[in-house]
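**Q** Take the sequences, apply the hints, and build the full model.
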Amino acid sequence: MLGHTRSFAAVTILSLSGLAPAADPFPARIDRHIAAGVPDFKRKAAPLATDEEFLRRAYLDLAGTTPTVAELHEFSNDLAKDRRAKLIDKLLAAPGYARRMAWHFDVMLMERRPDAKVPRAAWETYLHSAFEKNTPYDAFVRDLLSNDGGDPKTRAAAKFLLDRDLEPHLVTKDIGRVFLGRNMQCAQCHDHPAVDTYKQAEYYGIQAFLNRSFLFPNAKAATAVIAEKAEGDVTFTSVFDKNKLTHTTTPRLPGGKPLVEPKAEKGKEYTVAPAKDVKPVPTFSRRARLAAAVTGPENPAFARNIVNRMWAMLMGRGLVHPLDWDHVDNPASHPALLDELTAEFVKHKYDLKWLVRELALTDTYQRSSEMPAGLDDAGEDRYLVAILKPLTPEQFAYATMQATGLTDAERAALGVKGTPAQLDARLAARLAPFRKILGGKAGEADDDFSATLDQTLFLKYGTAVRGMLPPRGGNLTARLGAISNPDAVADELFAAVLTRRPTADERADVGDTLKAASDRQSALNELVWALVASAEFRFNH
Amino acid sequence: MRSLPTPPVSRRAFLGATAALGLGGFANPAAAAELKKSQKRVLVIFLSGGVSQLETWDPKPNTDTGGPFKAIPTSVAGTHISELLPHTAKQAHRLAIVRGLNSGSDDHGIGQKIMLTGRKMEPGIDYPHIGAVAAKLLASDQSALPGHIQILPKGGSGFTGGDATFLGPRFASVSLGDGKPPADILRPTGLPADADAAREAFRQKLNARFAKSRKSAATEAYSESYTQAERVVRQAAVFDVSKEDPRVAERYGRHDFGRHLLLARRLLEAGVTYVKVSHSNYDTHHENFDFHIEQLGEFDRPFAALLDDLSDRGMLDSTLVVVMSEMGRTPRINDRYGRDHWSKAWSVCLAGAGIKGGVVVGKTNATGTAVTDGQVSSGHLFHTYLRAVGLDSTKNFYPDARPVPVADPKAAAIPEVLA
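Line order of the protein sequences matches chains A and B.
Each residue of the first sequence is one higher than the last, beginning at 1 in our numbering.
Each residue of the second sequence is one higher than the last, beginning at 1001 in our numbering.
None of these hints come from the bench; they were simulated from the model.
We put the CB at the ideal spot given by N, CA and C, even for glycine.
Be careful, since some hints might not be right.
[What the hints assert, rightly or not] These stretches of chain A come out as covered by chain B in the derived footprint (C-beta under 8 Å, 3 or more residues):
{"id": "1", "segment": "182-190"}
{"id": "2", "segment": "365-375"}
{"id": "3", "segment": "459-472"}
{"id": "4", "segment": "523-530"}
**A** Okay, here's the thing in structure tokens:
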């Protein structure tokens, strides 16, 4: 049985690493938590997705694109019982993984803000490298929060702070949202009226780590670096306080201990004293403590938040939902599960690839998205059926290039000497319009799917997609043009674009369309469009 | 958005079976008449840069701040406006002029936000522009076209995305740079109509099959968006001012602003809820008087033509017209014959739906340096816009379950301008 074989493989790997309790693999434990969330879960839940559905889903989630026709046939013909686990491992080891994770973290960290002080290319190279190396997530975030941008070789790491202009309220809010899972924006002006645990003092406790930092020489300079003064305290007043009392706080993360700040000897507050055109360096840096405080063991929100976000990336919804609304009155859908995931993630030293693998091996991840009969009002948070995930702009662009065979044509054009990096450079060059039109608003989490007029016109008549349709060098419409049998056309078409076999009706429809067409090649081109424009293509199901 | 849906605020007229709107006209003339009568629309003419109230609505001739121009009588006895607006003067019986505006910021960006959101800047919240509010509360389900459109003097077309804030991207403005239609609205030449129809049919069949087993709000919205886009595409001619009756087009004038104002009328007539037309550039720190002659020369005749045109088409009673800017200009004339930014005492002009014509509200002192009577803020104006189109301006939105008043609770509508 698939489950038995899979857990044997997982056990072997875990024993080798010396970490495992032998007979109870983690994916199975995760599934038991989920099953415990609904009485009679096994009877109500949808079955596992078909092999084709799983194949497409895994490729999109772990490689950022859809499989080739050859990869579809290879997987369909693989009879090994552990073929799904093998596929997961293959995708995690392939270059697409780093690319896909770089996209995901770019949006998570920078939320499509315009590139200001760190160019896009440098940032993408930095992210790509981090995921190629599988840098532990705590080390990755420490780098992000401690780099001052002064060394051109490592400057990209400072983008999180630099491209927010180090604006105090913006960085405070976003550190809370992105690294702690808490949107404390309201606490800028008062204790949150609805959430007891989002206090104004906690908001300013975060800000106090950064209040002495500033952009040097000034915020407008494209090459500005982060400098810091040795003095200055945050002050705040609640707009709800009639007496307008002023408060202050030392640097302190929510729920954490206040930073111990040594009293500076007079005259020794700076190692480099402030002067005209001189970047000051304080003896004691509040900002240098931020990275350790955020990622340290005394801040459990850090691991909990990233685990929740990785769960959401694969499953389509956070255990805490929305992702930045973690507080006592918005409990996780499966609290014990989130706790266990967090504990294991920390035990595995913040290894993101390990976490992604464990989640991908679960039945919960591999469940079908087809609604079982009679299960109309199953809440998404029960995971009785897989959640439909809209493709991100990057996934959509790459999947469209793969589906239309533009990727194949580019690979052929590069010839035998072409490298994966060269191929990817050609594909990445086409990303910009997809990001611009399909991407969310700058500075906002990409939470809600929208289908606005400009997006639809882009897909309907825009050249970015239409330009991929005409036949060239081995792409899909070229291959289809060379196939005379309409059923064979349908088979190749659906395999390439939707990663499945057509139904008998669909084969008939393709045949009818081709028969009625005055220009066969054009009809083929527009059939490809129709499949790319379908909801089935637009969503990861 | 997080939890509670926004409670219904609008009073939507029931339009019955208004069919998909045909090319350049309406499928059903009776339905068209019904649409015109019951659906309210808003047109904002935004004189960008800070128009001088002293050269327009509140002239002070023969004072040391008044500049060289005279004040001329209008179609309303006792009311005078600047001689730079002769055609507009003949429309004064349709206008409500508000002279007591004190808006609170003389910064271009902040002033624009204050005037379009009806709110002072507040930390922690971004208020939606009047266009997004109008699109959300007034737009009919029958309208194929986007509810919130802004026509900019130049640039490409696009989707601004930012001005609806918590109301969501559906109500954010679609921008038409230089009045050009939305990008990709025209069927490409390599795609004949029958091929387009055939592929649409195939796409719909695929979606119908998929929806049998997998449905979500998102997949439905996605599938539906093509149907909606198709309805906009079928009305692509609305965006083409060259399709207008040349005699009507002539009255607006062949210059950019004239064409843009004409485009606005076409869009409103086709059912767009809100159109903002920007006219640039009024930021006259030097040569204020010469530039205002030029700019107002471009504004005056098309504006009068628009009011007549709306009236002729039976649209004036259901279209609120607002002429505003981000701020006014200083009474003091600087050493380059210019006027600088000024928010303490300036004017806007209203007309159309729900507005009492021939009215002047608010007074400034002899030199225009302070409001002496009827001082209002952009909040008062915002309430007035909503009331004029039949909405209750004291209600709330509920983004993230947090009550946010639709208009500034510290202000109220200006009763003297409401019909």
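**Q** Could you check the structure against the hints above and give me the numbers of any it violates, in ascending order?
**A** No hint contradicted; all consistent.
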